[in-house]
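Participant: Fit chains B and C to the known structure of chain A by using the hints.
Protein chains in written order, with our numbering: chain A, 1 to 262; chain B, 1001 to 1374; chain C, 2001 to 2280.
One thing to keep in mind: the hints can contain errors.
Quick look at which bits of chain B chain C covers, simulated, 3 or more residues with Cβ under 8 angstroms [to be verified]: (1) 1022-1035; (2) 1079-1088.
Simulated pairs of lysine-lysine, DSS-like, Cα-Cα distance not exceeding 30 angstroms [to be verified]: (3) K2174/C <-> K1177/B; (4) K187/A <-> K2095/C; (5) K1024/B <-> K2095/C; (6) K1177/B <-> K1190/B; (7) K1189/B <-> K1008/B; (8) K1009/B <-> K1298/B; (9) K1109/B <-> K2174/C; (10) K1190/B <-> K1109/B; (11) K1109/B <-> K2276/C; (12) K1174/B <-> K2174/C; (13) K1177/B <-> K1009/B; (14) K2276/C <-> K1024/B.
Counterexamples of contact, computed for chain B against chain C with all Cβ distances above 10 angstroms [to be verified]: (15) F1007; (16) T1076; (17) S1091; (18) L1094; (19) H1111; (20) A1119; (21) D1210; (22) V1221; (23) H1231; (24) I1264; (25) G1265; (26) S1274; (27) T1285; (28) E1306; (29) E1318.
Everything labelled a hint here was simulated from the structure, so no lab data went into it.
The model shown is predicted, which means the values in this text are computed figures rather than measured ones.
Ideal placement from N, C-alpha and C gives every residue a C-beta, glycine not left out.
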Amino acid sequence: MSKSSGFSVLQALTFAVLLFMALPNLIILAVSFNPEATLAFPPTGISLDWYLNVFRTPSFAAGLQQSVFLASISSAVSLVFGVLAALAIVRFRFFGRQAINALVMAPLFVPEVVMGIAMLLWANAVTAISNTTTLVILHCLIVLPYVVRLVVANLQGIDPNLESAAMLLGARPMQAFLRITMPIIGKGLLGAAVFAVVMSFHNFTATMFLVGSRPTLPVAAYQYIRTENDPTVAALSTMMMLAGILAVYLMERWIGLERLVR
Amino acid sequence: MTPSLSFKKRGITLSGLSVELQGKRILDDVDLEIFPGEIIALLGPSGCGKTTMLRAIAGLQRPSAGEIVVGGQAMTDVAPYRRNVGMVFQSYALFPHMTVAENIVFGLKMHGVAPAERAVVLDAALTMLELSALRDAYPARLSGGQQQRVAIARSIATQPSVLLLDEPLSALDKKLKDDMRSELRTLLKKVGMTAIIVTHDQEEALAIADRVAVMNEGRIVQIGTGGDLYHNPNCRFVADFVGYMNYFEGSIRSGSDQRLELDIGDARLLKARSSAETPATGHVTVAIRPEAITPMPKSAPVDQDEFNIVPACLISEEFLGIVTYLRFQDGKGRDLLVIRSGQSRASPLRVGEHYDLAWPIDVTTLMPAEPQAA
Amino acid sequence: MIARLVPYFLVAPALLLIAVLLTGLSSVLGWSFQSSAGDGAAGLVQYANLATNESYRHFFTYSLWLAAISTFVALLLGFPVAYYMEINASPSQRKWIFAGLLAMFLSDYVLKMFGLILILGRSGLVNRLAMWLGVTDAPFKLMYNEFGVLVGLVSGILPYMILSLNGVIARLDKRLHEAASVLGAPPWRIFLLITLPLCVPGILAGTMLSFLLSLNSFVTPMLLGGGRVDMIAVLIFDQAINLANLPLGSAAAGVLFLISGAVILLLNGLGDRYQKRFQR
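Pulled out of the complex, with its shape left as it was, chain A reads as follows (with noise of 0.2 angstroms):
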């Protein structure tokens, strides 16, 4: 067929959205080596005071600190009980299947600030536990749907037959499973931890009903963005986007960009 001008009007249309979506992320980056004091653009010079300036601030350094440690215990949690529970709908039958996994997606289907004060008010209630308890407890509601839909996708294509090959060949139920399976969906899992993380990491609605005097790093710089006006939420975001760059790689080696999405 042939190719007529509609082809590169769509092209322009195409590449102006993109530029829509990118443009917020490249002026972030051009204004972190702005050496002015102010959200100028364009910047005057280049300095990299303002990344320096990210290590001195405190807020920034202890919300880096609990991200961290919300995201790794989190995902850590979501991803064995994401495992266990993808292992039972994939590889057994059993009354109530159909219910269960639509109960695992659930979160999904929750509004984030209906989530953010369900919780609230449920560690209310139970008083006796910390914030960041709550607050692990929530991270790992969010990111369980995710972990249990990728690791249910990697053991579907796995031909279950391996595993009764290796029984065959004497392997007991436990060791088939560790040696024949956990290899193979290794990388599958490796994937779905860096997703988690980059879920846990960058949750901001929900978390907020919960930070209380420990924000998390975009809580932090939500926060600095509202009161001060200096590049350094600049220099912030760019260390960050770096990290999510190094995510996205990450998940394309491990498990293909296009299986995260479908």
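Facilitator: Just chains B and C now, with coordinates in the frame of chain A:
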């Protein structure tokens, strides 16, 4: 047949048609003349360019050189939606979100046909292809054969000048395929439109088409009626594509206007009729269809003026029902296949025995010798 | 017997987590029936308050409005990108666009809004360009208003919209376009009659996701609306955290939950009905 579906018979002329894709010549300088109302089959292995030729005629593939003329009008640069050719796709390409009726009238709508007339044509097409009961069904609910009939109905509803069919039977199972073969020809002849059918199945091509163009590597190797191709293939490629063939490599010893004598390395020379196309001297390939050969007992009398004879040993016998395959080997280790109709049990032949394989010199085909394929 | 319990043991930890969420959700429901003064059960007082008080009601109607507009704009902007990516782009181009989309999909929402502040602010990119070009003397007011919030919402949901659309576009059968073309349909009619109808499931999925994300958005109205744009999430946060009015906040959360559920059921139902009509 309903009078509302009538077709103008149009001829197609392709001249010097070439298609290049990513630097590869898919279609290489093809000339082809298709007469009005003729059914022509493009036969060849996958990748020979037959589908590309069809797509070029439909306007879905831009030729890199050459001309396409349909009914006296140059079509080469006309957009596909202005050509009004009908096309049946290999996968049928029925619109999944439209009913059978909506699929069939789609083309009419596109051509701005008034609703009243659309309804008349729709009824005619539904009746003709026995689809009336399915008019409101969606394609996903239809069987393969029904889908194919919808695809045909859709493609002829606009009364196109030419109908193009891309492997129309390949998605059907064997039994249905055999039924649809004759039905398709009957249908095409009934509406009388010019049609080009692409296929890799020689039986399909011979059964449906008036003429068959055998294609290989982007070129038409030979074109003719089924009989022409079967009995007078001009090269091994055509001979092999249209049925089985036995070959001897040899050279022409002596020739008169009527008859050639051929040396195939045996004590006895083979004989063949000479024709305009056969070379007078040099190396040739001698070809004989397996069903033309009769195995005779060693002592039986044979008219040596009218028959060629090669002695060979029966190696194996395969009874396939309608026919029996007899595999022979001659004194020089050459394999020969003989196909006989009839029952195995009645066969007087014995594996391991020697026979004289005889065939009339009239069916001894000569073709230019080819460099042996590895 | 034990063997039959194995799957239940496996799902138990995950279900325990879900149980916490369900407990929390039921507390939300419970609190929403309390009176604001904290003197016990008050029936539907909070819901009545939300329904009758003009300013509360505005939070809901305005959020729905903003969500609808932003979703529509994201669909208009996202469709060409998804279409280009799946149909016209070379494989390597597609891969890069895809990676870029995912990077944006995974990038921090707060920081994305911060980037938009740098673009839309009083001395942001747009205003500087406009003043430099002499289009205007005084800076345009591009944020802390509806426009700014809309830009933020659209920018936030575009990756989701595109990624929902490109699956369905990738599965389009090219033969159908060719068939329509041979039957006499010019490109624009092919788009309207073949491409678009077959993309409906993806459009509905993207619409649902985008609409819900916009409807529930909190960061955008706070940062780009300066807290002055009435969106439901802001109301809930204000009531629950800043004003410590848990009953009203809970009731608002309950209503939001119901609206979200209704949107999911509606759009999923539409999608199912649309597809069941012509699928096996």
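Participant: All hints, please: hold or fail.
Facilitator: Here's how the hints hold up against the structure:
1. 1022-1035: With 0 residues in contact (Cβ-Cβ under 8 angstroms with chain C), the coverage given for the segment 1022-1035 of chain B is violated.
2. 1079-1088: Held - the segment 1079-1088 of chain B has 9 residues with a Cβ nearer than 8 angstroms to chain C, which meets the minimum of three.
3. K2174/C <-> K1177/B: Status holds; Cα separation ~26 angstroms.
4. K187/A <-> K2095/C: The hint holds at about 20 angstroms.
5. K1024/B <-> K2095/C: With a Cα-Cα distance of about 26 angstroms, the restraint between K1024/B and K2095/C holds, given a limit of 30 angstroms.
6. K1177/B <-> K1190/B: Holds, because 20 angstroms separates the two Cα atoms, which is no more than 30 angstroms.
7. K1189/B <-> K1008/B: Roughly 13 angstroms between the alpha carbons, so the hint for K1189/B and K1008/B holds.
8. K1009/B <-> K1298/B: violated, 57 angstroms
9. K1109/B <-> K2174/C: With Cα atoms ~21 angstroms apart, K1109/B and K2174/C stay inside 30 angstroms; holds.
10. K1190/B <-> K1109/B: Holds - the C-alpha atoms of K1109/B and K1190/B are around 25 angstroms apart, at most 30 angstroms.
11. K1109/B <-> K2276/C: Within the cut-off at roughly 26 angstroms; holds.
12. K1174/B <-> K2174/C: Holds, at about 27 angstroms.
13. K1177/B <-> K1009/B: holds, 27 angstroms
14. K2276/C <-> K1024/B: violated, 43 angstroms
15. F1007: holds, 16 angstroms
16. T1076: holds, 16 angstroms
17. S1091: violated, 6 angstroms
18. L1094: violated, 8 angstroms
19. H1111: violated, 5 angstroms
20. A1119: holds, 18 angstroms
21. D1210: Non-interface label stands for D1210/B: nearest chain C Cβ at 23 angstroms, farther than 10 angstroms.
22. V1221: Answer for V1221/B: holds, closest chain C Cβ roughly 28 angstroms.
23. H1231: holds, 37 angstroms
24. I1264: Fine: 50 angstroms to the nearest Cβ keeps I1264/B off the interface.
25. G1265: Check passes; 53 angstroms lies beyond 10 angstroms.
26. S1274: Holds, since 48 angstroms exceeds 10 angstroms.
27. T1285: holds, 41 angstroms
28. E1306: Non-interface label on E1306/B holds, nearest chain C Cβ at 54 angstroms vs cutoff 10 angstroms.
29. E1318: At about 41 angstroms from chain C, E1318/B clears the 10 angstroms cut-off, so the statement holds.
Comparing the model with each earlier hint shows violations of hints 1, 8, 14, 17, 18 and 19; every other hint is respected.
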